[in-house]
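There are 2 protein chains.
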Amino acid sequence: MTPGKAEKRWIVGVDLGGTNIVVGLVPIEGGDVLGLRTLPTDSVRGAKFVVDRIAHMVTDAIAEVVAAHDTTRDAVAGVGIGSPGPLNRKTGTVINTPNLGWRNFPLRDLIANAVKLPCTLDNDANCATYGEWWLGAGRGTKTLVGFTLGTGIGGGIVLNGEIYHGCSDVAGEIGHMTIDSNGRKCKCGNYGCLEQYASGPAIAARAVEGIEAGAESLLEEMVDGKLDDVTAATVYEAAVMGDPYATEVMKETAKFLGAGVASMINILNPEMVVIAGGVTRAGDHLFTPLIAEVRRRAFRSAQECCRIVPAELPGTAGVVGAAGVFKKENYGSM
Amino acid sequence: MTPGKAEKRWIVGVDLGGTNIVVGLVPIEGGDVLGLRTLPTDSVRGAKFVVDRIAHMVTDAIAEVVAAHDTTRDAVAGVGIGSPGPLNRKTGTVINTPNLGWRNFPLRDLIANAVKLPCTLDNDANCATYGEWWLGAGRGTKTLVGFTLGTGIGGGIVLNGEIYHGCSDVAGEIGHMTIDSNGRKCKCGNYGCLEQYASGPAIAARAVEGIEAGAESLLEEMVDGKLDDVTAATVYEAAVMGDPYATEVMKETAKFLGAGVASMINILNPEMVVIAGGVTRAGDHLFTPLIAEVRRRAFRSAQECCRIVPAELPGTAGVVGAAGVFKKENYGSM
Chain E
1 MTPGKAEKRW IVGVDLGGTN IVVGLVPIEG GDVLGLRTLP TDSVRGAKFV
51 VDRIAHMVTD AIAEVVAAHD TTRDAVAGVG IGSPGPLNRK TGTVINTPNL
101 GWRNFPLRDL IANAVKLPCT LDNDANCATY GEWWLGAGRG TKTLVGFTLG
151 TGIGGGIVLN GEIYHGCSDV AGEIGHMTID SNGRKCKCGN YGCLEQYASG
201 PAIAARAVEG IEAGAESLLE EMVDGKLDDV TAATVYEAAV MGDPYATEVM
251 KETAKFLGAG VASMINILNP EMVVIAGGVT RAGDHLFTPL IAEVRRRAFR
301 SAQECCRIVP AELPGTAGVV GAAGVFKKEN YGSM
Chain C
335 MTPGKAEKRW IVGVDLGGTN IVVGLVPIEG GDVLGLRTLP TDSVRGAKFV
385 VDRIAHMVTD AIAEVVAAHD TTRDAVAGVG IGSPGPLNRK TGTVINTPNL
435 GWRNFPLRDL IANAVKLPCT LDNDANCATY GEWWLGAGRG TKTLVGFTLG
485 TGIGGGIVLN GEIYHGCSDV AGEIGHMTID SNGRKCKCGN YGCLEQYASG
535 PAIAARAVEG IEAGAESLLE EMVDGKLDDV TAATVYEAAV MGDPYATEVM
585 KETAKFLGAG VASMINILNP EMVVIAGGVT RAGDHLFTPL IAEVRRRAFR
635 SAQECCRIVP AELPGTAGVV GAAGVFKKEN YGSM
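Going line by line, the protein sequences match chains E and C.
In terms of the numbering used here, the first sequence opens at residue 1 and continues consecutively.
In terms of the numbering used here, the second sequence opens at residue 335 and continues consecutively.
One or more of the hints may lead you astray.
[Said to hold, decoys possible] For the chain E half of the interface with chain C, some residues (derived, Cβ under 7 angstroms), not all of them:
#1 L36
#2 T38
#3 P86
#4 N88
#5 A171
#6 E173
#7 H176
#8 I179
#9 N266
#10 S301
#11 C305
If you're looking for bench data, these hints aren't it; they were derived computationally from the structure.
If you're wondering where the values come from, they're calculated on a predicted model, not measured in any experiment.
Idealized CB from N, CA, C, for every residue including glycine.
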């Protein structure tokens, strides 16, 4: 006997990244992620390998959780997949992902066939933002903008409890708004994108430039003089350890990020801005100057109703949000 | 006998600006504006004067149109008012308009009492964008971003056929997105706002700076050597007349504006961007370099589904959109 919709208990969330695949079961009514597992994507081994790996991870996670709860696979409603884009949500196709080397790849249906469950597909950055909205920092808000600072700067926009996709599923590319129209060339082809100033590699590059120009910093010692080894994480750590130079680099990062956040606040007037990614480990070294910069830049009546907060689900926001997308598309309400 | 909702034929639109008040009757089912009239705002004569002037203009416009159509005042459903902001739509209050010198001014209810008709209040730039969406360049689209280039740069965002207001009615301030984080100080307190590079005064200022630095141009002759008299309009006219320097200034304007438009396309992925204001009189001198700049900057899959077009209702978009807001709020559908 197949249980009805009301008896379904979990949705599987899949967070497919260029480096890792993360899978877990999210309770339909919200709650902690169960059966969480991570494996490397190993995309060099080909698309079929990646699809098989995802399918195995989904199957294993379901088996583990249903056994522990003394129930059956029928308690799982389906699978939400978050993938790098651009993608076509309607057809479930990944149009193009340089990181994985895929083109017009029917990811959703391949997974659905392999695991024999209905699937949805959405953009990874959208899913991370939606996860924070559903069960993380944004619980209870209606309107939220998410910035995810990593190798790039991903973004997502939640309006009235739904991911805003725009007319061709590209909306939310807030890392590619121009904050300096004659600025650094970006991989996307544009100039002066926020991503060129506040992403992980941009933070590391700015830190190294300063040291090469003679700035003194703990950073040099931390990487045994090998400046190529400086990453954004080294910079946060040095800032947290009290290194004045690293603190200065984080302040500068906060200023660039603040220009982008203020623009989003003036444009969308959201209730909340959620900042995700390793950079939030810098804590007040990031948030204090960030909030000050936004105060200096954004319209007062817009900033007064907007909280700027760190993400609460590091590591699982993508899985939670991918499952949330499945829920929204299949159940209508959250 | 009062006619029912179905027998109402017109909505009055009021476009209140710092310089002029424009009033007209818009057919509920769409069509040409009737009884259109314009008078100076004369805000120095005080708020009561302005309210009385609006009320008289509304009453006169209604009288003229109903007489011409052999009907009665009962055929008018109500009045939509567009006003400079920020404002509180719920209470119908203008929070603060430096141009008119008002603070917490209950504009909507004062007009409603004076003309004995229900009224709605929304931001002037939102109304102009909504007018273009309803009966202008944006007819038939779902998602649209409007840029109005004038003394400042106003903006509006229409999502799924509704003005997007954000959580405190501030959304759509796209003239105040930062396109140069270390750039020119803006009146709003921010730095490097788009408005500082592509508004009317910014265009005129850039043109004058170049002439003072030695550039040769028809412009000097057009203002009899009085460079203070150069306005954005003089610059468009000189460009249309073939002046190479003015054409260069318009190209530069298009580049700045293109950075802002591309950011909005990457963020909101709209079906259309509508450019309004006198600047559109420059025609291809603006739109050809603007579209080229956006192509250079925005994500291909976002720009491919987005048309960038001039507004079609110069002079009446604000009136049409203000009436459209009344219709949307009272009738639900458009």
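Violated hints - listed by number, lowest first
1, 2 and 4
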